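Chemist: Residue numbers (this note's numbering), protein chains in the order written: chain L, 1 to 334; chain C, 1 to 301; chain P, 1 to 330.
Derived by calculation from the structure, the hints in this document are not laboratory data. Heads up, some of the hints might be wrong.
Stated by the list, open to error - Stretch by stretch, here's where chain P covers chain L in the computed footprint (C-beta under 8 angstroms, at least three residues):
# : stretch
1 : 156-162
2 : 191-197
3 : 210-222
4 : 246-257
Said to hold, decoys possible - So these bits of chain C aren't anywhere near chain P, every CB distance computed over 12 angstroms:
# : residue
5 : 38
6 : 57
7 : 191
8 : 211
Quick caveat: nothing in here was measured; it's all calculated off a predicted structure. Ideal Cβ positions, reconstructed from N, Cα and C, are used throughout, including at glycine.
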Amino acid sequence: MAALLKVRNLKTQFRTEGGLVKAVDGISYHVDEQEIIGLVGESGCGKSVSQLSTLQLIPNPPGEVVDGEVIFEGKDLLKFGANGEKMRSVRGGKISMIFQEPMTSLNPVLTVGEQLVEMLELHLKMPRQAAEKRAVELLEMVGIPDASARIDNYPHQFSGGMRQRIMIAMAISCNPKLVIADEPTTAVDVTTQAQLLELMKDMVRRFNVSLIIVTHNLGVVARYAQRIYVMYAGRIIESGTSKDIFIDSYHPYTVGLLKSVPRLDEQRGKKLVPISGLPPNLVNMPDICAFRPRCPYATQCPGEGYPELRQISDQHFVACHIDFQGKSREFYAK
Amino acid sequence: MQFESKYDNRTNEITEAPPQVSEFRRIFKVMSSRWVVVFGAIIVLLLVLTAFLAPWIAPYDPIKPDLSSTLQQPSRAHLLGTDALGRDVLSRIIHGAWVSLRVGIIAVSIAGGIGIILGLVAGYFGRWVNNIIMRIIDAMMAIPPLPLSLAIAALLGGGLTNVMISVGISLIPTYCRLMCGQVLTIKESDYITAAHVIGASDIRIMLRHLLPNSFPPLLVLITLNMGIAILAEASLSFLGIGITPPAAAWGAMVSDGYKYLFTNPVLSFAPGVAVMLVVLSFNMVGDGLRDALDPRLRGII
Amino acid sequence: MNSMLNDILLEAKNLKMYFPMTKGLLKRKVADVKAVDGVSFKIKRGETLGLVGESGCGKTTVGRCLLRLYNPTAGQIYFEGEDISKLPANKIRPLRRKMQLIFQDPYGSLDPRQSAGSIVGEPLLIHHLVKTNSYGDYRRRVSELFATVGLDPSMVGRYPHEFSGGQRQRIGIARALSCDPSFIICDEPISALDVSIQAQIINLLQELQEKLGLTYLFIAHDLSVVRHISNRVAVMYLGHIVEITNWRELYDNPLHPYTKALLSAVPIPDPVVESSRERIVLKGDVPSPINPPPGCNFHPRCPIAIPDCRQAIPPLRFISADHEVACIRV
């Protein structure tokens, strides 16, 4: 299948008082058509910044995309210029975004209907009446009960889960090719999270879109994502299919993350194995493996400098100097 | 090759922490990066120095009349000339700085002391306590400060002490309202709940937790009000309520000098400029402090 | 030892907390928000009761009622055999020594103008647990507390903003421990922390429980965490407890349809397990506690509801020795 989006060596930096922050430091990934991708990492690892960078939504100053290419449908988006006509038609048109807190991305003084209709008129050049009809359809599709009446409500009249549904409706309203969902379920409860994830999966199938789920919660992507990228300190440290990441996980950080959260189906009595230390401060990072200070195998690590991603199986890539020969998991389990 | 995990289920191993940052140094850095603030701070510092060192740096006695040299134009002997009684204007301004500063400090202390306590109590206990206190404050706010202090001064009689009291009282509402608002927000935060949970008494919560945390905006208000108090004292002195005649006060000097506005303008201009400069400086420092402590306060104070 | 384990430390009986909703200038009461509406449970000494539910279900309010930060509308709270639900304000203070709270937000729960040492030491001074004027005792105790929660005692002079989130949470835990309580309410203590830090705090809480014989009420929305740390788990929905059982039964044999849905919604980080799990996706949203549905609160969303469910609020009843459920369909 052809790659819809191909990001190569993307670098985003922020100039701060303390020094240079390499928030995204040379990441490469690709999204195929109709594929669900998971981008996983802790807060501050650069996962959100990388997504904002591809859409050129990084405020400059202090931030700047300094290197890389973002090939979308064969064209490099970074060459379009942040506020050019072409870029704006991509944003919200071909690529749309869903944010964690829908209340901040919905306009509180316009009704939900007005906002949807505006999108449709702007991007699809629909006539008013058709747009209004389409808006009701979209709300019905995302499961808003009594959509034709509720279309005249304001965002604050909806619950958190309902607002996120409206965001999903807006995201798919202009027939995008790619939807980027940035922590779409972090602000909602588990039962609502399940509803929203099922809905998004449905939308992917129905509208032939690709979806990037950005999240800190490994569990969220396990069920839905075909491929997963794990980020740490601005770089991708492991990528592969869902099975590669969750069953044959390789990088000590990925393994550590999996071992540090309790599982609902675990045999209890085992203690959790926390990752020691703190996530690194990204200001003026030295060019070594960023996980090294927290890595339980650091003493055995043969490499110096930053480990490049290397292929260990068909789709499984990892950035780690150590050759575990498939043993890492057992040693952690001890 | 053997791999051994160094994980031994210990959790007691974090010693690293984010770098220690001095808040004081940060505030200093923000403030010193703006030249108006630095300028204001220098003037304020000069005022304080002048006030304390007045007896030593003033070239002449500010009170003793010298009828041999009345109403002189500025000269080398008298840099700003002399007034109708032959007293050196520069020396009187230097001594006047002490009066202004004292009025500013004491009036603001009265206003701050009473206003902060009232606001603290009103905000913390809420309900009817809040209603009673805030209605009284509302009533005080309905009268503009100058007429209010005029009325109080008229009631208490003239004299520097009464001026300080009247200016102080007229400034109470601003402190009370600001403090009450601060307390209402801070009261809801988790650390105040935490203080309740560990069994802290009401007094302790108010003094140890609410007061220090509402201090930054209060500090800004105190600085800004120093200027306002000095201006109010000058106005009252100008109107003849205030300091008893021979002593030097800037407001009174302006009022004395304006009879000679056309022949000897320096007489009232010099103390006028002094008042303006000092008030302006306090405002600049206050602005700088506000931006350094909490830029979100802009527009509130 | 066995009698110790059966010793009930805390019991809530039919606890209710209504918040009045007022309207207009005269503060006329128009309705009640029934945040907690008749909740009963027991906590044995030394055990952990997990209280789980989604936002707005009243779980935090239960915690605050037990601490008497709120005055409950009705019901009794027995702590060490004594009914504390109607204690006057001046009698609550001694109680604070025995019952403590760990907060969710490690940023908001520490006074930013107080040094870490003073935060941890304040309860000692309030309750006169160190001799007045014996500064040495005070310092020693504070250092000891720092070490207990895994903080370097040399950091007592630092201020909260100079610590990371996980460290701040440790300071909050040290504060809760400082007057040697027997009962600690942990109100979502890890949900504001980074994933890789959460396990550190969970392990610390478990270690402290073993070492100090603490009793926890562990309030959280994350079922997998609650199951990991709790002996028994109570599931709340809209102000009511719908199911209480031990952790094993909860996962192996959940009975209430809400519990089942909640369990199935918790993702498991394993694609193989996930693909074989059946997911129950509930319809709609949690209704408002101002105007809850009649009868069983859950019936509008319940997959197995029958007309009888609308008739009366189902009481908790025993299904087996250690399993109570509030549903007429099981």
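Chemist: Indicate, hint by hint, whether the structure satisfies it.
Modeler: A quick look at each hint next to the structure:
Here the stretch 156-162 of chain L counts 3 residues with a CB under 8 angstroms from a CB of chain P, which clears the bar of 3, and the coverage holds. A count of 5 residues in the stretch 191-197 of chain L with a Cβ less than 8 angstroms from any Cβ of chain P is obtained; the coverage claim is therefore met, three being the minimum. Look at the stretch 210-222 of chain L against chain P: 6 of its residues bring a Cβ nearer than 8 angstroms to a Cβ of that chain, three or more, so the hint holds. Closer than 8 angstroms: that is the beta-carbon criterion, and the stretch 246-257 of chain L has 4 residues meeting it against chain P, so the requirement of 3 holds.
With a least beta-carbon separation of about 27 angstroms from chain P, residue 38 of chain C lies farther than 12 angstroms from that chain, consistent with its non-interface assignment. No Cβ of chain P approaches the Cβ of residue 57 of chain C within 12 angstroms, the least distance being about 39 angstroms, so the stated non-interface status holds. A cut-off of 12 angstroms between C-beta atoms contradicts the statement that residue 191 of chain C is not in contact with chain P; the least separation is 4 angstroms. The beta carbon of residue 211 of chain C is not kept farther than 12 angstroms from every beta carbon of chain P, the shortest such distance being approximately 9 angstroms.
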